[in-house]
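Here is how the chains run, residue by residue.
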Amino acid sequence: MAEFQVFNRTTGDHFICQEGQSVLKAMEQLGMKCVPVGCRGGGCGFCKIRVLEGDFKCGKMSKVHAPPEAVEKGEVLACRIYPLTDLTIECVLLPEAALAKQTTTKTLR
Amino acid sequence: MKKGVMRPGHVQIRVLDMGEAVKHYTDLLGLIETDRDDQGRVYLKAWSEVDKFSVVLREADEPGCDFMGFKVVDEAALNQLEKDLVDYGVEVEQVPAEELKDCGRRVRFTVPSGHAFELYADKKYTGKWGVSSVNPEAWPRGLQGMKAVRFDHVLFYGPELAAVYDIFVNVLGFYLAEQVLDPEGTRVAQFLTVSMKEHDVAFIHHEEKGKFHHASFFLDTWEAVLRSADLISMTDTSIDIGPTRHGLTHGQTIYFFDPSGNRNEVFCGGDYHYPDHKPITWKAEDLGKAIFYHDRVLNERFLTVLT
Numbered sequence: 001m002a003e004f005q006v007f008n009r010t011t012g013d014h015f016i017c018q019e020g021q022s023v024l025k026a027m028e029q030l031g032m033k034c035v036p037v038g039c040r041g042g043g044c045g046f047c048k049i050r051v052l053e054g055d056f057k058c059g060k061m062s063k064v065h066a067p068p069e070a071v072e073k074g075e076v077l078a079c080r081i082y083p084l085t086d087l088t089i090e091c092v093l094l095p096e097a098a099l100a101k102q103t104t105t106k107t108l109r
Numbered sequence: 001m002k003k004g005v006m007r008p009g010h011v012q013i014r015v016l017d018m019g020e021a022v023k024h025y026t027d028l029l030g031l032i033e034t035d036r037d038d039q040g041r042v043y044l045k046a047w048s049e050v051d052k053f054s055v056v057l058r059e060a061d062e063p064g065c066d067f068m069g070f071k072v073v074d075e076a077a078l079n080q081l082e083k084d085l086v087d088y089g090v091e092v093e094q095v096p097a098e099e100l101k102d103c104g105r106r107v108r109f110t111v112p113s114g115h116a117f118e119l120y121a122d123k124k125y126t127g128k129w130g131v132s133s134v135n136p137e138a139w140p141r142g143l144q145g146m147k148a149v150r151f152d153h154v155l156f157y158g159p160e161l162a163a164v165y166d167i168f169v170n171v172l173g174f175y176l177a178e179q180v181l182d183p184e185g186t187r188v189a190q191f192l193t194v195s196m197k198e199h200d201v202a203f204i205h206h207e208e209k210g211k212f213h214h215a216s217f218f219l220d221t222w223e224a225v226l227r228s229a230d231l232i233s234m235t236d237t238s239i240d241i242g243p244t245r246h247g248l249t250h251g252q253t254i255y256f257f258d259p260s261g262n263r264n265e266v267f268c269g270g271d272y273h274y275p276d277h278k279p280i281t282w283k284a285e286d287l288g289k290a291i292f293y294h295d296r297v298l299n300e301r302f303l304t305v306l307t
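One line per chain: the protein sequences are D and U, in this order.
The letter at position 10 of the first sequence is residue 10 when you use UniProt numbering, and the numbering goes up by one with no holes.
The letter at position 230 of the second sequence is residue 230 when you use UniProt numbering, and the numbering goes up by one with no holes.
Rather than coming from a laboratory, the hints here were simulated on the basis of the structure.
Be aware that a few hints might be false.
[Stated by the list, open to error] Covered stretches of chain D (chain U as the covering partner; in silico rule of three or more C-beta atoms under 8 Å from a C-beta of chain U):
1. 13-22
2. 47-57
[Unchecked claim] Chain D side only, calculated, beta carbon under 10 Å to chain U, not exhaustive:
3. Arg-9
4. Gly-42
5. Cys-44
6. Ala-70
7. Gly-74
8. Cys-79
Beta carbons: idealized from backbone N, C-alpha and C, even for Gly.
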């Protein structure tokens with residue numbers, strides 16, 4: 001089975017993704033946290049990334065978080081993309097930015 | 001004061017892929033498919049429920065919740081509640097009988113948090129699945145997966161909790177069972193009930209309107225919750241958190257996601273509520289313990305990942 005190298009330009013991390021495996025799943029299996037993890041089902045938009053280089057297949061994603069015009073530009077959800085070549089990605093929601101966003105939601109405090 | 005709203009009756013959930021969703025809700029959760037309609041919607045129920053369906057799945061390009069429906073005691077109560085909503089200034093929409101198969105007319109309205117609710121009086125009574133109503137056995141054989149007992153409640157995220165409270169409590173006759181108050185005394189979470197359960201519907205404050213946090217299903221025992229956790233691993237299902245216990249309601253719980261990213265809960269236990277009970281208050285400063293009683297720390301995903 002083919003394996004592909006994923007390079008996250010935002011954080012400088014590299015990891016291996018098996019053919020047929022989603023980018024987010026590959027990252028999680030290696031215990032890495034360089035892309036924020038949400039529902040893992042294409043629904044919440046938490047793991048949005050921009051693919052800068054490389055080809056991939058897409059599974060079904062919420063049109064709210066990955067509208068067709070964004071997908072055209074490589075803005076996709078890491079839980080629903082399956083590499084066909086090595087990929088270079090960057091985070092759309094920075095892992096830190098994601099944290100900042102989470103703090104806003106804490107109107108609960 | 002009770003106004004004739006009886007219990008949660010159904011929830012319509014949007015899914016990205018119907019095949020994957022039906023497999024999740026039947027094989028893993030253990031719901032039973034009872035029908036499909038010409039819109040392609042799939043109707044499901046948990047075994048102990050007496051009406052034909054409680055969960056409706058609709059394929060769409062955005063996951064989330066279309067609406068939650070409450071069953072009321074009879075047509076007279078439905079007419080009165082409809083009038084009360086209109087008098088209160090809530091816009092109501094008529095959904096004709098049979099728009100959902102084997103369900104009577106529904107009165108639909110949207111509350112200021114952006115969530116749609118429905119009231120209805122009639123739905124086809126099919127009885128509990130797999131057991132007789134005369135000398136019933138303890139449980140039916142042939143259930144799948146987690147063997148969910150019943151659809152129990154929904155938690156929604158949205159703004160304007162005070163206005164939502166007014167409609168549910170003053171117009172629909174719900175009671176506030178539990179709440180979270182911030183240091184200024186503003187209610188940032190409200191757990192509402194029309195039964196002895198600690199919540200039939202709940203809301204947590206969130207800036208964005210109309211968000212769906214989870215649909216919850218009841219299990220009998222902690223053992224069943226642990227067994228559900230095993231099944232989540234066996235099926236490599238996306239887990240959120242648990243098994244653990246909530247401070248709020250004290251229910252024992254596990255959270256996970258359906259294949260479209262909608263959150264599900266299965267839980268057991270929890271406190272009870274009578275109309276003379278005063279609301280339980282949790283302080284927002286102690287939200288970690290209020291939500292996850294053992295860790296006493298919030299899993300941030302629980303507050304932010306929504307459909």
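Checked hints:
Remark: the stretch 13-22 of chain D is not confirmed as covered by chain U, as 0 of its residues place a Cβ nearer than 8 Å to a Cβ of that chain, below the required three. Coverage of a stretch by a chain is defined here by at least three residues with a beta carbon nearer than 8 Å to that chain's beta carbons; for the stretch 47-57 of chain D and chain U the count is 0, and the condition is violated. A distance limit of 10 Å between C-beta atoms decides the matter here; for Arg-9/D the minimum to chain U is near 24 Å, and the interface restraint is violated. Hint status for Gly-42/D relative to chain U: holds, with the closest Cβ pair at about 6 Å, below 10 Å.
Restraint check, Cys-44/D versus chain U: the minimum CB separation of about 5 Å is within 10 Å; hint holds. Violation of the interface hint for Ala-70/D is found here, the shortest Cβ-Cβ separation to chain U being roughly 13 Å, above the 10 Å cut-off. At a threshold of 10 Å, the smallest CB-CB gap from Gly-74/D to chain U is about 19 Å, leaving the interface hint violated. Evaluation of the Cys-79/D hint against chain U yields a held restraint, the C-beta minimum of about 8 Å falling below 10 Å.
The structure does not agree with the numbered hints 1, 2, 3, 6, 7 stated previously, though it agrees with the rest.
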